[in-house]
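Novice: Chains G and E are the protein sequences, given in the same order.
Take 4 as the starting number for the first sequence in this note's numbering and just add one per residue.
Take 34 as the starting number for the second sequence in this note's numbering and just add one per residue.
Think of the hints as simulated: they come from the structure by calculation, not from any bench.
Hints should not be assumed to be uniformly reliable.
Calculated lysine-lysine pairs in the DSBU-like style (CA-CA distance at most 35 Å, straight line) [stated by the list, open to error]: (1) E/K91 to E/K81; (2) G/K38 to G/K6; (3) E/K81 to E/K99; (4) G/K38 to G/K322; (5) G/K188 to E/K91; (6) G/K119 to G/K31; (7) G/K6 to G/K119; (8) G/K31 to G/K79; (9) G/K187 to G/K378; (10) G/K79 to E/K91; (11) G/K187 to G/K119; (12) G/K188 to G/K38; (13) G/K322 to G/K79; (14) G/K20 to E/K99; (15) E/K81 to G/K378; (16) G/K79 to G/K6; (17) E/K91 to G/K176; (18) G/K176 to G/K79; (19) G/K20 to G/K188; (20) E/K81 to G/K20; (21) E/K99 to G/K322; (22) E/K91 to G/K187; (23) G/K31 to G/K378; (24) G/K119 to G/K188.
Derived contacts from chain E toward chain G, CB cut-off under 10 Å, selection only [stated by the list, open to error]: (25) F60; (26) K81; (27) A98; (28) L112; (29) G116; (30) I117; (31) D125; (32) L127; (33) V129; (34) E133; (35) P137; (36) Q147; (37) H151.
Where is the CB? At the ideal position from N, CA and C, for every residue including glycine.
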Amino acid sequence: MTKEVAVLGAGMHPWGKWGQSFIGYGVKAAQDALKDAGLRWQDIQLVAGGDTIRNGYPGYVAGATFAQALGWSGAKVSSSYGACATGAQAISVARAHILAGLCDVALVIGADAAPKGFFAPTGGHRPEDPDWLRFHVQGITNPTYFGLYARRRMDVYGATPRDFAAVKVKNAKHGVHNPNARYKKEVQIEDVLGSAVVADPLHLLDICATSDGAAALVLSSMDFARRHTTDPVKIAAVSTVTPVYPNTIIEMPNLSTDSSAGVGLPEIGFKESIAHGAYEEAGLGPEDMSLAEVYDLSTALELDWYEQIGLCAPGDAEKLLRDGDTTIGGRVPVNPSGGLASFGEAVPAQAIAQVCELTWQLRGQAEGRQVEGAKAGVTVNQGLFGHGSSVICTL
Amino acid sequence: MDPREPRLLGTQCRACGTYFFPAERTFCRNPACDEADLREVELSRTGKLWSYTSANYKPPAPFVAKEPFEPFAIAAVELEEEGITILGQVADGLGVEALEAGMPMELVLRELYQDDEHIYMTWNWKPMDGGGA
Ligand SMILES: [Zn+2]
Chain G
4 MTKEVAVLGA GMHPWGKWGQ SFIGYGVKAA QDALKDAGLR WQDIQLVAGG
54 DTIRNGYPGY VAGATFAQAL GWSGAKVSSS YGACATGAQA ISVARAHILA
104 GLCDVALVIG ADAAPKGFFA PTGGHRPEDP DWLRFHVQGI TNPTYFGLYA
154 RRRMDVYGAT PRDFAAVKVK NAKHGVHNPN ARYKKEVQIE DVLGSAVVAD
204 PLHLLDICAT SDGAAALVLS SMDFARRHTT DPVKIAAVST VTPVYPNTII
254 EMPNLSTDSS AGVGLPEIGF KESIAHGAYE EAGLGPEDMS LAEVYDLSTA
304 LELDWYEQIG LCAPGDAEKL LRDGDTTIGG RVPVNPSGGL ASFGEAVPAQ
354 AIAQVCELTW QLRGQAEGRQ VEGAKAGVTV NQGLFGHGSS VICTL
Chain E
34 MDPREPRLLG TQCRACGTYF FPAERTFCRN PACDEADLRE VELSRTGKLW
84 SYTSANYKPP APFVAKEPFE PFAIAAVELE EEGITILGQV ADGLGVEALE
134 AGMPMELVLR ELYQDDEHIY MTWNWKPMDG GGA
């Protein structure tokens with residue numbers, strides 16, 4: 004049995020700070036995806052929403068919120084949350100319905116209107132919640148974790164702040180050509196190194212902003228796709244793995260790791276297992292990938308992902324970057340969209356936006372930032388401590 | 034417990050020996066173990082610095098910030114026996130320039146805040162031998 008589903012349409016609302024409701028962004032992205040697919044909203048049998056937790060009740064039931072805004076049609080609905088992996092959860096729900104034969108065509112939507120500055124936990128006195136606890140007893144924010152990983156690269160692999168800055172320079176250069184990016188301006192190494200240190204060794208320009216934005220996909224069965232189009236981009240795998248005990252790498256929002264005193268370490272670490280799960284499912288490997296969209300919450304994290312998705316051996320990411328292999332025109336361009344560095348994070352939309360970019364790249368429609376001859380691509384991301392998220396698209 | 038040598042309280046599974054911090058009291062999280070008997074234990078108060086960073090801007094509530102805000106360093110320290118890494122602020126206002134991966138660190142106490150009835154304490158990590166690199 005084939006495990007493939009077709010991507011019939013992709014659409015986005017440009018990222019930025021627009022000061023409007025997330026619902027409108029989502030509807031715009033959905034309408035663009037439907038138009039791209041040549042379908043009407045009434046043709047959709049399932050709407051899969053990615054939830055946002057920062058926009059009140061409508062955000063918690065995003066699937067129904069978007070369905071209501073598009074006009075009640077009686078379609079099936081789902082609403083998913085998985086922090087940064089929310090979009091992959093929504094894609095996974097839609098894909099599972101299609102592969103199980105429960106529907107032929109589904110619309111996946113994620114949208115956010117983000118607050119300024121640090122993400123803060125929900126209010127009240129909640130010492131049982133690790134997200135609340137880390138802020139209260141130690142003042143630990145999200146950039147703390149990015150800083151710890153970055154310093155670790157410096158100590159273990161000899162990375163430098165210039166290497167980190169070079170990731171931003173590359174992604175900013177890619178993003179210049181993306182009409183949906185929030186920042187469309189080239190950045191120099193000195194700009195990054197001259198910006199304020201937020202979480203040593205990371206500067207303000209090493210860390211992604213938070214944005215408003217929306218992304219949507221129309222997915223269908225291969226049979227349905229054949230009746231509507233020729234040669235659609237296909238989703239060959241969706242990995243939503245959890246870690247294997249014990250995960251001894253510190254993860255947001257925890258104050259501590261699992262213990263390795265009673266059980267030995269798993270064969271591969273959590274972050275390595277995310278894309279690995281997708282490769283296994285697709286029957287492909289990193290060497291088959293023409294490009295990758297990885298979650299660059301910080302510049303240094305992008306380097307970690309190179310190794311964790313198998314583009315190079317541990318410790319070789321800086322060399323891969325310096326050699327230009329991950330720049331458009333190189334062996335395996337990473338974040339040709341411009342990545343989070345050019346977008347800023349719109350949490351529930353981001354994993355969907357990654358797949359929109361793969362779709363346009365594989366169709367040859369990524370004007371100004373096209374990876375020539377792209378045949379397959381991988382996305383990767385992680386939702387807080389336990390939601391793996393990786394999607395492989397092929398022609 | 035000697036206040037000059039404070040220790041964090043965690044729990045340990047009686048069956049498989051896995052440690053938990055913050056304390057897990059209901060069931061062992063080792064997937065191969067179905068033990069529910071977890072005993073409270075004092076964790077090692079020294080460990081090895083895994084990595085470190087800084088907070089140069091004031092974190093949002095519920096962080097209790099001193100006014101004016103003073104940037105601080107944060108350490109991730111590996112406890113060898115427990116096989117756990119624990120985060121904490123670095124003591125005495127020491128900055129990242131005083132730190133180096135692998136250096137030995139010890140646990141000390143710091144006042145978090147006080148109200149009319151209580152003084153609330155939290156833990157910090159401090160380079161051993163009172164110094165730094
Ligand atoms: Zn146990």
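Novice: Does each hint fit the structure? Answer for all of them.
Specialist: Structure-based check of each hint:
Annotation: proposed proximity of E/K91 to E/K81 holds, straight-line Cα distance about 27 Å (limit 35 Å). With a C-alpha separation of about 25 Å, the suggested pairing of G/K38 with G/K6 holds against the 35 Å cut-off. Pair hint E/K81 plus E/K99 holds up; C-alpha atoms about 28 Å apart against a cutoff of 35 Å. Of the supplied pair hints, the one linking G/K38 and G/K322 is violated, its CA atoms being roughly 42 Å apart against a limit of 35 Å.
For the suggested pair G/K188 and E/K91, the alpha carbons sit about 29 Å apart, so the restraint of at most 35 Å is met. A distance of roughly 23 Å separates the Cα atoms of G/K119 and G/K31; the hinted pair therefore holds under the 35 Å criterion. Proximity of G/K6 to G/K119 is assessed by CA-CA distance (about 40 Å); at most 35 Å being required, the pair is judged violated. For the suggested pair G/K31 and G/K79, the alpha carbons sit about 20 Å apart, so the restraint of at most 35 Å is met.
Among the hinted pairs, G/K187 with G/K378 is consistent with the structure: their alpha-carbon atoms are about 26 Å apart, no more than 35 Å. For the suggested pair G/K79 and E/K91, the alpha carbons sit about 45 Å apart, so the restraint of at most 35 Å is broken. Taking the CA atoms of G/K187 and G/K119, the gap is near 20 Å; set against the 35 Å cutoff, the hint holds. Between the alpha carbons of G/K188 and G/K38 the distance comes to roughly 29 Å, so the proposed pair stays at or under 35 Å and holds.
About 48 Å separates the Cα atoms of G/K322 and G/K79, which puts this hinted pair outside 35 Å; it is violated. Only pairs whose Cα atoms come within 35 Å are accepted, and G/K20 paired with E/K99 is accepted, the gap being roughly 31 Å. Proximity of E/K81 to G/K378 is assessed by CA-CA distance (about 46 Å); at most 35 Å being required, the pair is judged violated. Note on G/K79 and G/K6: the hinted pairing holds, with a Cα-Cα distance of about 22 Å set against a maximum of 35 Å.
The hinted pair formed by E/K91 and G/K176 meets the criterion: a straight-line CA distance of about 31 Å does not exceed 35 Å. For the proposed pair G/K176 and G/K79, the alpha carbon gap of about 41 Å is over 35 Å, so the pair is violated. Under the criterion of a C-alpha separation no larger than 35 Å, the hint pairing G/K20 with G/K188 is consistent with the structure, at around 16 Å. Proximity of E/K81 to G/K20 is assessed by CA-CA distance (about 43 Å); at most 35 Å being required, the pair is judged violated.
A C-alpha spacing of about 43 Å is found between E/K99 and G/K322, which places the hinted pair above 35 Å, so the restraint is violated. At roughly 29 Å between alpha-carbon atoms, E/K91 and G/K187 fall within 35 Å of each other, so this suggested pair holds. For the proposed pair G/K31 and G/K378, the alpha carbon gap of about 29 Å is at most 35 Å, so the pair holds. With a C-alpha separation of about 21 Å, the suggested pair G/K119 and G/K188 falls inside the 35 Å cut-off, and the hint holds.
The restraint placing E/F60 at the interface with chain G is violated, with a minimum CB-CB distance near 13 Å, outside the 10 Å limit. Restraint check, E/K81 versus chain G: the minimum CB separation of about 12 Å is more than 10 Å; hint violated. The interface hint given for E/A98 holds, since its Cβ lies 7 Å from the closest Cβ of chain G, which is under the 10 Å cut-off. For E/L112, the interface hint holds, the least distance from its beta-carbon to any beta-carbon of chain G being 9 Å, beneath 10 Å.
With its C-beta approaching chain G no nearer than about 3 Å, E/G116 sits inside the 10 Å limit, and its interface hint holds. This hint holds: E/I117 has a C-beta 5 Å from the nearest C-beta of chain G, less than the 10 Å allowed. Because the beta carbon of E/D125 sits about 15 Å from the nearest beta carbon in chain G, more than 10 Å, this interface hint is broken. The beta carbon of E/L127 is not positioned within 10 Å of any beta carbon in chain G (closest approach about 13 Å), and the interface hint is therefore violated.
Given the 10 Å rule on beta carbons, the hint for E/V129 holds: about 5 Å separates it from the nearest Cβ of chain G. Checking E/E133 against chain G: minimum C-beta separation of about 8 Å stays under 10 Å; hint holds. Annotation: interface hint on E/P137 violated; nearest CB of chain G at approximately 15 Å, more than 10 Å. For E/Q147, the interface hint is violated, since its Cβ never comes within 10 Å of a Cβ in chain G; the closest pair sits about 15 Å apart.
The criterion of a C-beta within 10 Å of any C-beta in chain G is not met by E/H151, whose closest approach is roughly 14 Å, and the hint is violated.
Hint violations for this structure: numbers 4, 7, 10, 13, 15, 18, 20, 21, 25, 26, 31, 32, 35, 36, 37, all remaining hints satisfied.
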